[in-house]
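Engineer: Next come the chains, spelled out residue by residue.
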Amino acid sequence: DAGVIQSPRHEVTEMGQEVTLRCKPISGHNSLFWYRQTMMRGLELLIYFNNNVPIDDSGMPEDRFSAKMPNASFSTLKIQPSEPRDSAVYFCASSLRGQGKGYTFGSGTRLTVV
Amino acid sequence: AQTVTQSQPEMSVQEAETVTLSCTYDTSESDYYLFWYKQPPSRQMILVIRQEAYKQQNATENRFSVNFQKAAKSFSLKISDSQLGDAAMYFCAYRRGNQFYFGTGTSLTVIP
Numbered sequence: 001d002a003g004v005i006q007s008p009r010h011e012v013t014e015m016g017q018e019v020t021l022r023c024k025p026i027s028g029h030n031s032l033f034w035y036r037q038t039m040m041r042g043l044e045l046l047i048y049f050n051n052n053v054p055i056d057d058s059g060m061p062e063d064r065f066s067a068k069m070p071n072a073s074f075s076t077l078k079i080q081p082s083e084p085r086d087s088a089v090y091f092c093a094s095s096l097r098g099q100g101k102g103y104t105f106g107s108g109t110r111l112t113v114v
Numbered sequence: 001a002q003t004v005t006q007s008q009p010e011m012s013v014q015e016a017e018t019v020t021l022s023c024t025y026d027t028s029e030s031d032y033y034l035f036w037y038k039q040p041p042s043r044q045m046i047l048v049i050r051q052e053a054y055k056q057q058n059a060t061e062n063r064f065s066v067n068f069q070k071a072a073k074s075f076s077l078k079i080s081d082s083q084l085g086d087a088a089m090y091f092c093a094y095r096r097g098n099q100f101y102f103g104t105g106t107s108l109t110v111i112p
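As given, the protein sequences belong to chains C and Z, one line each in that order.
Heads up: the first sequence begins at 1 in our numbering, then just goes up one per residue.
Heads up: the second sequence begins at 1 in our numbering, then just goes up one per residue.
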């Protein structure tokens, strides 16, 4: 099992550019989560999907952020246009639906917007 | 609202000694799960241990064990025989359904 795969691992972009982060969950996992981690705010849940359907996107900070999950094996988080305050580590995590299951996290994408 | 509190931003332990990281949480539910995650400098989030709230027995995973006090809403992590590789950020987390809450983390330093 390759685990949760995120790409890219690092992304440096200029303010105003579009950024797309990618995630491949563990095969068979039916819940997928996007988190943002910063020193100031810790881990923040942005959005989660169950069976490819967005369930709760209340954590998405602004309309500049959007997430999709076109199928069970792929999800994207897009920021357009990007701003310096979006700089953070973005994690994708997946799990089997059910309370007892912990998340399996990807390695994260460190985004720097200059 | 459920919240998770880790009151120790930083902790240190001598190699081979034992250290306990504290976590408290707030919930009105009786059925939930608790977790400890480790985040080393590589930034990978690694599940260390989990506890079902309906179980009275404390979970144990090798050198890692928890002290789960349901009435007190306390969930501490004990690391025995600390190793240099245990140095990391540790996050306590609460889950009920798809509501998953993380604490702010405790940075653990292991002194050789």
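Don't take each hint at face value.
[What the hints assert, rightly or not] In the DSS-like style, the derived pairs of lysine-lysine whose C-alpha atoms are separated by at most 27 Å in a straight line are:
(1) Z/55 to Z/73
(2) C/78 to Z/78
(3) C/101 to Z/70
(4) Z/78 to C/24
(5) C/24 to C/68
(6) Z/55 to Z/70
[Said to hold, decoys possible] Have a look at the derived ranges for each label pair, beta carbon to beta carbon:
(7) C/30 to Z/70: 51 to 57 Å
(8) C/41 to Z/62: 31 to 37 Å
(9) C/14 to Z/20: 41 to 47 Å
(10) C/10 to Z/3: 29 to 35 Å
(11) C/30 to Z/64: 34 to 40 Å
[As the list claims (entries may be wrong)] To give a feel for the contact side, a few chain C residues facing chain Z, derived at Cβ under 8 Å:
(12) 51
(13) 74
(14) 76
Because the hints were derived from the structure by calculation, they are not lab data.
Think of the CB as a built atom: it goes at the ideal place given N, C-alpha and C, for glycine as much as any other residue.
Engineer: Between the alpha carbons of residue 101 of chain C and residue 70 of chain Z, is the straight-line distance 27 Å or under?
Structural biologist: holds, 19 Å
Engineer: Residue 78 of chain Z and residue 24 of chain C were given as a pair; does the straight-line alpha-carbon distance stay at or below 27 Å?
Structural biologist: violated, 33 Å
Engineer: If I claimed the Cβ atoms of residue 10 of chain C and residue 3 of chain Z lie 29 to 35 Å apart, would that claim hold in this structure?
Structural biologist: holds, 32 Å
Engineer: Could one say that the CB atoms of residue 30 of chain C and residue 64 of chain Z fall in the range 34 to 40 Å?
Structural biologist: violated, 28 Å
Engineer: Interface hint check: residue 74 of chain C, Cβ to nearest Cβ on chain Z, cutoff 8 Å. Holds or violated?
Structural biologist: violated, 20 Å
Engineer: Assuming the hint says 41 to 47 Å, is it satisfied by the Cβ distance from residue 14 of chain C to residue 20 of chain Z or not?
Structural biologist: With Cβ atoms ~46 Å apart, the hint holds.
Engineer: For the restraint on residue 51 of chain C, tell me whether the closest CB of chain Z is nearer than 8 Å.
Structural biologist: violated, 12 Å
Engineer: So does residue 30 of chain C sit 51 to 57 Å from residue 70 of chain Z, Cβ to Cβ?
Structural biologist: With a Cβ separation near 29 Å, residue 30 of chain C and residue 70 of chain Z fall outside 51 to 57 Å, so the hint is violated.
Engineer: Has the given pair, residue 55 of chain Z with residue 70 of chain Z, been kept, meaning a C-alpha gap of at most 27 Å?
Structural biologist: holds, 10 Å
Engineer: Is 31 to 37 Å a correct range for the gap between the Cβ atoms of residue 41 of chain C and residue 62 of chain Z?
Structural biologist: holds, 32 Å
Engineer: Return the status of the interface hint for residue 76 of chain C: holds when the least beta-carbon distance to chain Z is below 8 Å, violated otherwise.
Structural biologist: Result: violated, 20 Å to nearest chain Z Cβ.
Engineer: Are residue 55 of chain Z and residue 73 of chain Z close enough, with their CA atoms no more than 27 Å apart?
Structural biologist: The hint holds at about 14 Å.
The structure shown violates the earlier hints numbered 2, 4, 7, 11, 12, 13 and 14.
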